[in-house]
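Student: Read off the chains here:
Protein chains: 6
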Amino acid sequence: MADILGPEDSSRVPRFAGTPTFARLPRLDQVSHADIAVVGVPFDSGVSYRPGARFGPAHIRAASKLLRPFNPALGLAPFAHQQVADAGDIAVNPFDIDAAITEVQAGAGDLSSGGTRLLTLGGDHTIALPLLRAAASAHGPIGVLHFDAHLDTWDTYFGAPYTHGTPFRRASEEGLLDPERCLHVGIRGPLYAADDLVQDGALGFQIITADSLLTLPVSTLVERMRARLGSGPIYVSVDIDVLDPGFAPGTGTPEAGGLASRELLAFLRGLAGLRLVGADIVEVAPAYDHAEITGIAAARVAYELISVMAPQLMAPS
Amino acid sequence: MADILGPEDSSRVPRFAGTPTFARLPRLDQVSHADIAVVGVPFDSGVSYRPGARFGPAHIRAASKLLRPFNPALGLAPFAHQQVADAGDIAVNPFDIDAAITEVQAGAGDLSSGGTRLLTLGGDHTIALPLLRAAASAHGPIGVLHFDAHLDTWDTYFGAPYTHGTPFRRASEEGLLDPERCLHVGIRGPLYAADDLVQDGALGFQIITADSLLTLPVSTLVERMRARLGSGPIYVSVDIDVLDPGFAPGTGTPEAGGLASRELLAFLRGLAGLRLVGADIVEVAPAYDHAEITGIAAARVAYELISVMAPQLMAPS
Amino acid sequence: MADILGPEDSSRVPRFAGTPTFARLPRLDQVSHADIAVVGVPFDSGVSYRPGARFGPAHIRAASKLLRPFNPALGLAPFAHQQVADAGDIAVNPFDIDAAITEVQAGAGDLSSGGTRLLTLGGDHTIALPLLRAAASAHGPIGVLHFDAHLDTWDTYFGAPYTHGTPFRRASEEGLLDPERCLHVGIRGPLYAADDLVQDGALGFQIITADSLLTLPVSTLVERMRARLGSGPIYVSVDIDVLDPGFAPGTGTPEAGGLASRELLAFLRGLAGLRLVGADIVEVAPAYDHAEITGIAAARVAYELISVMAPQLMAPS
Amino acid sequence: MADILGPEDSSRVPRFAGTPTFARLPRLDQVSHADIAVVGVPFDSGVSYRPGARFGPAHIRAASKLLRPFNPALGLAPFAHQQVADAGDIAVNPFDIDAAITEVQAGAGDLSSGGTRLLTLGGDHTIALPLLRAAASAHGPIGVLHFDAHLDTWDTYFGAPYTHGTPFRRASEEGLLDPERCLHVGIRGPLYAADDLVQDGALGFQIITADSLLTLPVSTLVERMRARLGSGPIYVSVDIDVLDPGFAPGTGTPEAGGLASRELLAFLRGLAGLRLVGADIVEVAPAYDHAEITGIAAARVAYELISVMAPQLMAPS
Amino acid sequence: MADILGPEDSSRVPRFAGTPTFARLPRLDQVSHADIAVVGVPFDSGVSYRPGARFGPAHIRAASKLLRPFNPALGLAPFAHQQVADAGDIAVNPFDIDAAITEVQAGAGDLSSGGTRLLTLGGDHTIALPLLRAAASAHGPIGVLHFDAHLDTWDTYFGAPYTHGTPFRRASEEGLLDPERCLHVGIRGPLYAADDLVQDGALGFQIITADSLLTLPVSTLVERMRARLGSGPIYVSVDIDVLDPGFAPGTGTPEAGGLASRELLAFLRGLAGLRLVGADIVEVAPAYDHAEITGIAAARVAYELISVMAPQLMAPS
Amino acid sequence: MADILGPEDSSRVPRFAGTPTFARLPRLDQVSHADIAVVGVPFDSGVSYRPGARFGPAHIRAASKLLRPFNPALGLAPFAHQQVADAGDIAVNPFDIDAAITEVQAGAGDLSSGGTRLLTLGGDHTIALPLLRAAASAHGPIGVLHFDAHLDTWDTYFGAPYTHGTPFRRASEEGLLDPERCLHVGIRGPLYAADDLVQDGALGFQIITADSLLTLPVSTLVERMRARLGSGPIYVSVDIDVLDPGFAPGTGTPEAGGLASRELLAFLRGLAGLRLVGADIVEVAPAYDHAEITGIAAARVAYELISVMAPQLMAPS
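Protein chains in written order, with the working numbering: chain A, 1 to 317; chain B, 1 to 317; chain C, 1 to 317; chain D, 1 to 317; chain E, 1 to 317; chain F, 1 to 317.
The set of hints was computed from the structure by calculation and includes no laboratory data. Wrong hints could be hidden among the right ones.
Partial list, computed: chain A residues near chain E (C-beta under 8 Å) [claimed, not checked]:
#1 Pro14
#2 Phe70
#3 Val218
#4 Thr220
#5 Arg224
#6 Ala227
#7 Gly230
#8 Ala260
#9 Ala291
#10 Ala297
Note that the Cβ used here is the ideal one computed from N, Cα and C, for glycine as well.
Go ahead and model the full structure; you've got the sequences and the hints to work with.
Tutor: Have a look at this one:
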């Protein structure tokens, strides 16, 4: 383990200086192998309301400079026993959604070819589909843990099948998901119709609503989450709008009544011991952020996800 | 019910385009009758600190574009079984409080003459008085459910009897209120004197403080709220500063320690089955908002109020 | 002329209240005929950097509330002798550039079928192409006066022929332009290559750079502009980034060293007596604006364009 | 002169610390006599569009901390040879325009009773009327130099005679002005009607438009200004919206096409040698400011006005 | 008690006008003796990330204008039975941390010489060390109640022993603390190493983490806090980043997952009956605040601290 | 020349993605030799008012993504005939000004050892001193062209000799400057005393004030600038506050009445043919910026400086 490269030393280089990578980690080209690659997908051409998540990867990286190496809540140093590196961005076509999806899928496939797991910084939620394709091609149908205000299992908008509101329907239709192990957390707000929920269930999802937290403690809901996810491979997709707009204003389709960041982080730490094969954090739209608070929350989400992917905590595959 | 006009179809017209009405609903002049009229009162000359709520109606309308037609928390489509329409603004004199109050009262009376209930977008809290006058003239003394950080039962400022700090005292004095069925929710922060509370009680109000939520779940407090309100006619007045400034920075007299938006929405849904005859959402000051988060919360407040006014839920009068 | 409907009376309805149309003008459905229709095209899927101009039409309308009826610099009342009306938005597909272009062209054709001239509020610069197609189909090849920091005569990005950087190349290739009467004003900043200018000239454009204003007064440059435009039909396209970012921060590809708003308005008034057949104001991205200053400048641009379209000033066709 | 108290020493107390007065000057109660009193009038109930200038005095004071003691452009130290002190605010009734005007007039009269000249920080432009009354009661009819985008000689809004759009009409009607020596500088933008200009002229005003600066250098316009003002007593009223919104976004009725701050300061220095008897700087609305740039410009306006009031430069009365 | 001077009367002087002191209280030079002095220390040269807390005192004072005289949650009027006054700022050297610490210590010693307790408005956390020195010199080793996201018991950065990350280690080393009565509340987020916690414990601190609030009510944690603090002298130090960035964006090292302001205020009120000898509220960085929400929370923190210092509640020394 | 590495190709990688270096240029470690190294110095402990320039280098790099490869105003491709590379940041001690100056000097010396010229992104103006030391050690006494609102030739603040207000005095005292070839451009605003100008002249500086542009065209002033600078080695130091706050709000000591960005860029292009040996752009404080406009102006300043350093334009040494 002696040759694992960790973050730049903040006692030598101030945090406001130096390496512009996620958490000041090494670039992928500076390490011989990465257990986890943090990769940006600056794409937002699939959004239906406020665009701007194309600037999300840069914003989350900038907001990640304060992350320190030891996670006391989990009792481990997430960058010490697994090599985490920043793979830069997958460059994608902003004018052609289909082309972009192909590019993301190819880029994710390349990066993960040697067993590297991906933690992707979006970008809008459209990108979850090619990321799930890449994950499922390696692991077979997977359980999805999806934090979001919205279901994202709608069908089409303006005839477009691939948008930020549809990735999980497409993934289910393509057989990428294990329909017994999919779960939304944080759902709230108006829907198009009552049937949305029926269809969503048929695609394989159960729901823990945001309002559940008004009556049940996080710990109880975490147990429910773990029971649903089981022991198989899991992909975690975090739409930052799962947080209330007060905690995460910098997003495209904000919805009142969401989670506090403290609650979201507790859900994520509740994944310890399960089998994560990939994750994303999407829909950070910096033009609507203030004082980087959305970026800071997103960076911390990424940090907790990397923590629960650590070999000490991860279930063997 | 086939002829009820609902919101513009977002699969045909993107939400960032098209109709500038509340929730993309029809204008009042486009329907033959409205069960509920959403009306703006852009008036803020009664404020004692930060002005700007005159731009509140336009801001809430802009932030309402994301509202979708089905309310899963209540299991109904609030625009499907009652005609809701946007009545535009009541134009009021910004230089003369007395004239403005007269204009609001007249405008509200006109709009509600055919049994239309009003959901008013303020404007500062001064406007609650003429709105209560209009409501009481139709229904007799009414119970008031008032969400706010502040009591708003003070007497005068600078000799002015009609300001945003005094509407409920004036209403009580004028006999508009049922003193057995008035309730403040969310009160917190410093007062002028201990006697403020004594006088407030004498005017007919009980209080559920914001701090109550530190020790009791919302569900318990909702039961207390319902017990207080009883089966008679109810007017709901929501000052957006009932939310913590973290959730609603865009307001005139922010007070730390407030409700989360999730809590406020739960209180509102707790009104299901009671007899609402009118409501307002006031004190949204857009110049202090960020990324529309205050507007989004206010728009959702309005949506929940319209939902609990739906014929499926409303008690018969 | 007695039946021309003008803006809502601000002595009766405060400017912060009431009609949400451009300049508080009547809606198109409220008038029997419009000489000029102000129409929004909320589309920004063609942008290469900061998106957000899809919210431009709503922002410019909101910022237009302060426009008053008499233009002293030109000595006329632009809404008094020609019917100007707000046609709302042309709803376009945000996920498919080709579809969107078709929809804009169709929408523009419909609106202008009765001789109505269009003043379009963008939206990104991609939309100039279908607008020029509609204009040229009525008037034949037209002169283009293009205010911008950038040439917008590039060829393709990522293989995409239709983006906000290419409308005038496509228009020239399609024969929509009169190559003797096209002019850019305000060009500045780095290009891709020296050949960009050669190609631009070959497409029919001359250039008045922003730096010209360091050595020549606006009046001299206006004369040069008028000489280039001649007496034929003219389409004016104003990218708000022609202004310096200090005057117009709310845009997608800001470039230092631009025009002051005073200078831009003088150029526009310099069009008096020429033959404008249509105009647009594009690339207003509200998420980057502050205190509506970009929107206010854009609204005033629209006002001056409407003024020089007035029958008193327009050359006969 | 040895006993004149100047600003707090910034080599001993950092500018971001210490005295919260204008330019870190002594409070009025700390000096035995003031030649010039800087006084705030936090009143904005006369505004027709964006309110918020009630916070103007505090904002301009905060932005004045960087002002240093020597004015190199005029070659003098404005606080060294005349006692300048901060008189705090005149507290006025926010709910009653008439009461407020009476209070301002009384307050201004008291402060100026011993020959102290006032430099007033507004507040909206309504306050110019009582300030002119106080000045005229001491000096007889006075010349007014008025920097503004707008004429402010309108008659009534909503029947209200005293608003921020009417002070100079009322002042003229009351005989407070010398009709041969009044001048607007910076006028631009749409008016209500052509007759506005006729009436304005009849009230005693000439105009230097903002557009004049497109063709003439400031020095020429300063000569024209001095010729108009002559040798009699002058009151200077600076509405910060005379600056372009790019330079002063923090104001209530911004108008594109305005002055650069460099130009405004040159006009003010052009007053050297004339006979200023009072001045105000109004319409700074901090909620719309960014990075204090409007406040910084306003503080500098105040500094230049104090400079040209210095005994070395002032004409004898 | 008749001669205690309270806040300026807001029924006579609007809150947006008048006295620029904390809570509109008298200046220290206006009273003969102060029981509590509110003093600013505008210093931020000890920060390791975002600077700007040098503007904290002015910002908190501006945000304190809405504080009213009666605290209903505690049932007392905190300014009525003890003289509270604003002592202005201690001017400190921004270029030399050692000099600044000496100046703060001397200034605090002077102000507290007559038994006056200090409520200090920072400034960064570096200043807690000299303030603790001053407090301990009067009271002997004291218990410290420290609200923060971070431990602030690190050793050195870049060789610097005195920074905002080290005050409590230095204080412990200097023997200023009672190691049986020190407590952190609100700790969360990544650390440098597991050993950080070991060292922190050895310096005398126990910890109530922010995550404790996910499982225990505030009331239980308050009991734990009171048990730890005991009956001896207590110094309370509140780093505003103990709040979640959603509630307090205006700070230098924000950390997701923090307290709601409602929770923090409950902890502070839980101090009633204990023996507070001094307090500070630090790390408010206004350049990152929005709509004053951080300042409003900080002002309320100060208000609750003054309330629990009131003679009715304070334990005898 | 074939092996010069230029910016990342924006037709392959969108500008909002990819390389986080200045202008998307290669990192220094990716090239064998650099003619020009762009290097950040994130240091702001020498500021007397608003801090925050420590985040300047990252902000300017982010704002530089729109820079394209061909400079039409000078007719050359600045990255094509000289190797320009991004050297990252020089890490400096934020708590000790003397240590930081030593580190900057050492870092600059190392980077420039092979004849590489430095373009430094600050950071506050303190850093100009060690940068001048490094430049003078290679070239002997040099002419300084200094763009700024302020002289920066003051002596000490709070006893500190090395701050952002003193670099050019120290440099002159140390014999680093050629006293016949130093020039300030853009000076304006109040000074401490008349003697400031006398001392400044004695140190070797002449002045072109900002107000000069009210009476003379830039071209005339450029000639004056070139005459002063002569044919010897020149160091250019650009404090972004030379621009008016309207163009560059994101800075620490803004001063009204400054240059337009168009004017500054014209001065810089006026350096063509002279002998630049190094340059810096300092005092960009992102927390006060809006929509990156200050960063965009600063990035363009850097671009023009690199352009006039190109071998086609540079005088032989």
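Student: Now tell me, hint by hint, if it's right for this structure.
Tutor: Right, here's what the structure says about each hint:
Below 8 Å, beta-carbon pairs count as interface contacts, and Pro14 of chain A has one with chain E at about 7 Å; its hint therefore holds. With a cut of 8 Å, the hint placing Phe70 of chain A at the interface with chain E holds, because the nearest CB-to-CB distance is about 5 Å. Look at Val218 of chain A: its Cβ gets to within about 5 Å of chain E, closer than 8 Å, so that hint holds up. Here the hint on Thr220 of chain A is broken, as its CB sits about 11 Å from the closest CB of chain E, past 8 Å.
Of the supplied interface hints, the one on Arg224 of chain A is violated, with its beta-carbon coming no nearer than about 16 Å to a beta-carbon of chain E, more than 8 Å. Because the smallest distance between the Cβ of Ala227 of chain A and any Cβ of chain E comes to about 19 Å, over 8 Å, the interface hint for this residue is violated. Restraint check, Gly230 of chain A versus chain E: the minimum CB separation of about 24 Å is more than 8 Å; hint violated. Evaluation of the Ala260 of chain A hint against chain E yields a held restraint, the C-beta minimum of about 7 Å falling below 8 Å.
The beta carbon of Ala291 of chain A is positioned within 8 Å of a beta carbon in chain E (closest approach about 4 Å), and the interface hint is therefore held. Residue-level restraint check for Ala297 of chain A holds (minimum Cβ-Cβ distance to chain E is 5 Å; threshold 8 Å).
The structure is inconsistent with the numbered hints 4, 5, 6, 7, although it conforms to all the rest.
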